[in-house]
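*Asks:* Once you have looked at the hints, place chain B on chain A.
Protein chains in written order, with our numbering: chain A, 69 to 86; chain B, 606 to 1063.
Calculated directly from the structure, the hints in this document are not laboratory data.
Hints may be right or wrong, so weigh each one.
Claimed, not checked - No more than 25 Å apart at the CA atoms, straight line, and that leaves these computed lysine to any residue pairs for SDA-like: (1) B/LYS949 x B/HIS815; (2) B/LYS651 x B/ASP631; (3) B/LYS825 x A/GLN73; (4) B/LYS920 x A/GLN73.
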Amino acid sequence: MKRIQTLKLVDQQTCGVA
Amino acid sequence: MIHQYKLNGYNIVIDVFSGSVHSVDDLAYDIISLYENTPKEQIKAKMLEKYKDDKTITSQEIDDVFSDIEELRKNKQLFTSDTFEGKAFDFKNRNTVIKALCLHVAHTCNLNCEYCFASQGKYHGERAIMSFEVGKRAIDFLIEHSGTRHNLEVDFFGGEPLLNFDVVKKIVAYARSIEKEKGKNFRFTLTTNGISINDDVIDFANKEMHNVVLSLDGRKEIHDNLRKTISGKGSYDIIVPKFLDFVKKRGNKNYYVRGTFTHNNTDFTKDIFHMADLGFSELSMEPVVCSPKDPYALTEEDLPILYEQYEILAKEMLKREKEGRPFTFYHYMLDLKNGPCIYKRISGCGSGTEYMAVTPWGELFPCHQFVGDSKYSLGNIYDGITNLDMVNKFKNCNAYARKDCASCWAKLYCSGGCAANAYHSTGDIAGVYDYGCKLFKKRIECAIMMQVAKENKK
Chain A
69 MKRIQTLKLV DQQTCGVA
Chain B
606 MIHQYKLNGY NIVIDVFSGS VHSVDDLAYD IISLYENTPK EQIKAKMLEK YKDDKTITSQ
666 EIDDVFSDIE ELRKNKQLFT SDTFEGKAFD FKNRNTVIKA LCLHVAHTCN LNCEYCFASQ
726 GKYHGERAIM SFEVGKRAID FLIEHSGTRH NLEVDFFGGE PLLNFDVVKK IVAYARSIEK
786 EKGKNFRFTL TTNGISINDD VIDFANKEMH NVVLSLDGRK EIHDNLRKTI SGKGSYDIIV
846 PKFLDFVKKR GNKNYYVRGT FTHNNTDFTK DIFHMADLGF SELSMEPVVC SPKDPYALTE
906 EDLPILYEQY EILAKEMLKR EKEGRPFTFY HYMLDLKNGP CIYKRISGCG SGTEYMAVTP
966 WGELFPCHQF VGDSKYSLGN IYDGITNLDM VNKFKNCNAY ARKDCASCWA KLYCSGGCAA
1026 NAYHSTGDIA GVYDYGCKLF KKRIECAIMM QVAKENKK
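One chain only, chain A, in its complex shape (with noise of 0.2 Å):
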């Protein structure tokens, strides 16, 4: 089993925004 999954912005309607 994998210790780290995965599930970028860094590469980039008007109620709670996001």
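*Replies:* Just chain B, lined up with the frame of chain A:
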């Protein structure tokens, strides 16, 4: 910057500036927490000591975790530096268009809710009703100031907008009559307390409204305690049958049943589950924002209870989804793979720049929560925006404008928070509403945990 936490049996690592989310085991969790400030040999010694009873954890295993971390760092998915702040990204000089208006078609209400931020719909002024002429001009104003944006949003709001239903219908008909010619697509939203809902309203809304927001606080005794008719009676028994009929006839179109919780119901998950059990599946429940002196104001002592409630909610939602009876909670809607672009994450809801409220007489405010506060008047729909200094203040109101947010892991999820809440709690739109901030972070932790849980089931 990273943020690590444990919740519901999961170890979660959020890489703030890439948006990456990692689900890790105990060993990786511990190593990541030490990785930036501790020499590798020291980390290895600590881990071998801590996990000496676990035969699977060897020196080689620890080296493998080091390699995985370095690989993620190289791929800009862990310990990513802030590449946004340093760039010449001048928010004040960015070109913005108006994409949404909140039309206050009625500054009057047929309920007398104790916690109403709009002072029972009158916004600290006189009762007022928007004329069709003002509404028509507001639609024209929006088109004129929307640039090349195709989708435009108009929220019918109050007070209670259904007290001016004929004008709502006329405004929608006018917008529909010109939208194709103008190259626009209007999305209308109706926010209602439900008292005036009838078959005519349901048929019209289900044809024309992209979304409807139905105000219900949950259990009957909770709802009736603060949401009363003018004569002082509870409104639950009047509105719930109407909402059920409305939603049933709405089919697959968007709606939200939206409540407010207060100090009176810090066990608010019971209200959410009550609404779900009634048959509503699209739910939202917001913490009341009011003066600390109000008897129903949330307190610091309430915080640990509310944190636990948000965890209970997340776990119950996962359970119900597994059982085939899911419901959505507005603040737990998180899309990790196709979420908002970085511009949106930094700039926030757009109040005062891309989104404005229009009073019944055509005056413009940054959003519905500033209506009635004359120093926040931005101009009007006839003369346009005249208070450019205020618009510039709102342009600068973002995740990077608040010093208090500089070291916060959640700033690209909340975009710096709500300007109105900041203003009402600190006197400054660029301030931070600390209480709301704490609740927001808890909600995001729960929302991400739910994503991890769903991923682990695949």
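*Asks:* All hints, please: hold or fail.
*Replies:* Okay, the hints, checked on the actual structure:
1. A distance of roughly 21 Å separates the Cα atoms of B/LYS949 and B/HIS815; the hinted pair therefore holds under the 25 Å criterion.
2. Simply put, B/LYS651 and B/ASP631 have alpha-carbon atoms about 13 Å apart, close enough for the 25 Å limit, and the pair holds.
3. For the hint linking B/LYS825 to A/GLN73, the alpha-carbon distance of about 44 Å lies beyond 25 Å, and the restraint is violated.
4. A hinted pair counts as satisfied when its Cα atoms are at most 25 Å apart, and B/LYS920 with A/GLN73 qualifies at roughly 21 Å.
Checked against the numbered hints listed earlier, the structure breaks hint 3 alone; every other hint is satisfied.
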